[in-house]
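Protein chains in written order, with my numbering: chain A, -14 to 319; chain B, 159 to 548; chain C, 3 to 298.
None of these hints come from the bench; they were simulated from the model.
A hint or two may mislead.
Claimed, not checked - One side only, chain B facing chain A, incomplete, derived with CB under 7 Å:
1) A208
2) L210
3) A230
4) E231
5) R243
6) Y247
7) F256
8) G257
9) V263
10) V490
11) V493
These numbers were taken from a predicted model, which means no experiment stands behind them.
Here a beta-carbon is modelled for each residue, glycine too, at the ideal position from N, C-alpha and C.
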Amino acid sequence: MTAIPALRSRLRDERVRTWLSLAPALTVVAVLFGGAVVLAGLRSIGLLSPVAGDLATGPSLEAYRSLAGDPELQRAALLTLHVAATSTVLSVVLGVAAALTVHRLVRGRRLAITLLQLNLPIPHVIGAVAILALLGQSGLFARVGARTGLLDAPADFPALVFDPWAIGIIAQYVWKEVPFIAIVALAILAARGDRLDDAARTLGATGWQRLRHVTLPLLLPGVLSAAIIVFAFSFGTFEVPLLLGSSFPAVLPVLAYRRYTDLDLAARPEAMALSVLMTVIVVALVLLGAWLARRAVRADRADRAGRGDPGGRGGRGARTDQDGDRPDRTEVAP
Amino acid sequence: MTAIVLEGVTHDYGATRALDHVSLEVGSGTVTALLGPSGCGKTTALKVIAGLVSPTRGRVRLGDRDVTDVPAERRDAVMVFQDHRLFPYLTAVDNVAFGLRMRGVGARQRRARAAEALERVGLGGLGDRRPDALSGGQQQRVALARALVLEPRVLLLDEPLASLDTHLRDDLRALILEIHREHDLTTVVVTHDREEATVLADEIALLFDGRVHQHGAPRSFFERPRSARSARFFGAVNLLPATASSTAANSTGPDGAAAGSIGPSSAGSDLRLDTPFGAIDGVPGAVGSGAAWVTIRPERVVVDPAADRVDVHRVEGRVVAASFLGDRTRAVVDVDGTEVTVDVHDDALIDAGPGRSVRLGLPINALWTIPRESSAPQPEARPADPPRGP
Amino acid sequence: MSALQGTPLPDASPPAVSRVDRATAAAPPRRAPRGTVVATTLLIALLLVPFTPLVLASVSQGYFFPQVIPETFSARAWRLVLDPAGGAWTALGATVRIALTVTALSLVIAIPAGRTLGTRTFRGKRAVELVLLAPVLVPTIAVAIGIHVVFIRLGLAGGTLGVVLVHLVPALPYVVLLSAGVFANAALGLEEQARSLGASPWRRFVHVTVPLVGPGLAVAGLFGFLVSWGQYALTLVIGGGQVVTLPILLFSTASGGDVAVTAATALFHGAPAVLLLVVTSRVLGGSGLTTFGGVR
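Here chain A stands alone, though its shape is the one from the complex (with noise of 0.2 Å):
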């Protein structure tokens, strides 16, 4: 009978509350997600069973060994990181330059960002297929080519896409991304660019020194946060290579879908360790990029730690005006 006033009281507690409510969210991502790694961590060393049968051949190296000795591997992992590097690069600096453009609008900016996004909740599937039928060598571009007399036959139109240099797969992850990257560089310049850039001319700085000082600064950690969503994104969508790559070298993502559904079942387990593989390589970049990006910003949470300093802010009246002006909120990154 005692267990109920009990159980009240740390429900009131305040650190109970906090992790119930997180609780629903963190084990869904920990089972299916976490699960989901492990699993594929266990099938790729023979710990687990790589297919629904029982054949775990125990504790066992040879996916991976296997793998390193596969010339497709090499070629696989550099053709991936081509794509994202490139493709992230690309949104980034299109993305913030349009943004930029688009800023300086001053009738029609409302519809200008409206037809900026018009695209982002396109599936990735549509974005293929419309880049094929845009830059395929019977595509729109090429029968423009070949109207205007510049080409005779398909073939003389450059290879865009199945193309070693996947040049297809980053037009259609930039043309996905660069309405991403502006329309985050954009809700940051809206939340507060013009009033620093009004500070900064009377404080005697040309047009291009408040490109460099203030908007590009400004603009730093929240489009940094989105370039590293963008590169994660185009290292692993799989549907886009499968679409508009080559078959050889293929990327990493369709890699480890071909050896998964390979009929050679022994092909299994290096499905599991390319899964692993793509894990560790996505999140130690990713890591990596997020840890120079805080240095590149020196956001320095010590600072916010120690806010509430004794010299007494000015209390509420002396905050609130203030607070369309906090810095970026780039927690979400990691």
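Let chain A serve as the given structure and place chains B and C on it in line with the hints.
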């Protein structure tokens, strides 16, 4: 010498006219306050001086140079904003050094000068903090230091104290005055608070509806308001109805009706006033003949004037209400149907309570006559306490 | 993974400027330089141009090289796609069912977590945020491969329930982190105000909490929906061909080689997503859409 000249400056935001033919001169080394209620155009005027807003019509001169078409970054007119606008990604000292950096001052020198400026505003040890690790008052001090370190030709302050608590506001106000005395900076401060304007400024330009309504020394707004609106904005409580007629040939007529600024003047004195509480001769004012208000500050009303004083107009009344205000007692006295507010430092009035008869003297030279536009006093948007947060 | 990342906010409206003068509130009526207008137009044209060949191909008959405008127009592809007995409607039904279930589950799970993350500080908060973000970063195909065998054992592979469960992996992070942003920006102090004005818990919820965070949570839910809507890899592996959603149908159509039908299917798949985004931003009219803080 004038440091800033606005000549017939008009500015429209779309269909809204924010500034309407504003002409203003600011003397070199002085502090001028642009005062007025919300939406009167004062911040627009400041931004026109800064170069952040281009006037639709009119010219702007800084010193002897026409800067109307000079962009903000080349005007050497630094603005301190109400919301401080510190760069969130820079430390306090780097914020202060920003302007020097734009001028190409070397890293070591600009950091040294910035540190010095921070010291000057009382933030010596906090140079390495980021803006979000500073309190509101500290942020505003950093913003001030960021402007001062450039030793600008003109310092523009936009409601620099409005977002601060009372005690912080007093501190910063004192600091601004101190620094001004040290550097003799030509300063323009925008405020909606008449007290702040009075304490800070050598001259006040009172703006209503995008126009300069009255321009002069702070004292003139209390003693020689140009209009009922101006008087009420400065807290006048005694607007007593009267009919004025000029008595002597030396009357200069209704100069109060002219547009533009007027200074305090004794011109137009020697009015004869007919009031519900008797006729008064020789009253000064900015009005010709006709309906008028006669004003007097509550503390200038004399209770029980000595029998031999000849410079006062004597009336009798009955105390309607009285309240203790800490350093004085404010009483409302009914004088022949007109309510006169009186401040006294003697508690006798309030002790006696309402209903007591009292004799009052209105010193003639403390009276000031202004035009009466309509029959009843219009409720005016008073400069209320500064808002606390949104 | 999903069709979108992060939070395109349909309306990047600046926070309201408080008080002071008109001068601060109103933007100066500077006109944008002509180059800016041209560049913006070009940008938007480039973003829309990939849809052009889809539209052209979908209404063509024998759209052969080097036709730019089809020489023969035909409604054949659209008739096939829109045929009530055809696979597209079935796939649409499956996609909507799965996406709605994923959205509902995500919201139920995400709202308590989002409120905590958005309004409280506690030890380990950053670690929690990282853990919740991780599924967005890791390739979905890795997750699919890792969990497939267990799902087969549990009888979840090849069924809608299994697909719904794995869709939670990429959808939930977005919904949680967006909700956190919504709660962080909401003036939840109003709940206390309502309490002191005598409002019961239920009335506080209906009259204060829901109006405050409802629009923002609707946007969070929209993203969960869209993530599921565009999901391919997870559906392919876990659904194992038994669960045919629109992305699966589109992919197999594209592999089939009928250009016109592929184009029509792509547009059929994309249109609802765009429509949903446009309608949501219209209905919510900017309120609650400034909840960018979540995923940045």
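Let's test the interface hint: is any C-beta of chain A closer than 7 Å to that of L210/B? Result: holds, 5 Å to nearest chain A Cβ.
With 7 Å as the cut and Cβ atoms as the points, is A208/B at the interface with chain A? 5 Å, holds
Proposed interface contact between V490/B and chain A, which counts if any beta carbon pair is under 7 Å: With a minimum Cβ separation of about 32 Å from chain A (threshold 7 Å), the hint on V490/B is violated.
When the least beta-carbon distance from G257/B to chain A is tested against 7 Å, hint result: 4 Å, holds
Does E231/B pass the interface hint, meaning its C-beta sits closer than 7 Å to a C-beta of chain A? 5 Å, holds
Does the nearest C-beta of chain A fall within a distance shorter than 7 Å of the C-beta of A230/B? 4 Å, holds
Next item in the hint list is V263/B. Is there a CB on chain A closer than 7 Å to its CB? 11 Å, violated
Holds or violated: is there a CB of chain A closer than 7 Å to the CB of R243/B? 4 Å, holds
Does the nearest C-beta of chain A fall within a distance shorter than 7 Å of the C-beta of F256/B? Interface hint status for F256/B: holds (6 Å vs cutoff 7 Å).
Should the hint that Y247/B touches chain A count as held when the rule is a Cβ pair under 7 Å? Given a least distance of 5 Å, the restraint on Y247/B holds.
Hold the hint about V493/B up to the distance rule: shortest CB distance to chain A must be less than 7 Å. This hint is violated: V493/B lies away from chain A, its Cβ roughly 41 Å from the closest one there, beyond 7 Å.
Violated hints, listed in ascending order, are 9, 10 and 11; each of the other numbered hints is respected by the structure.
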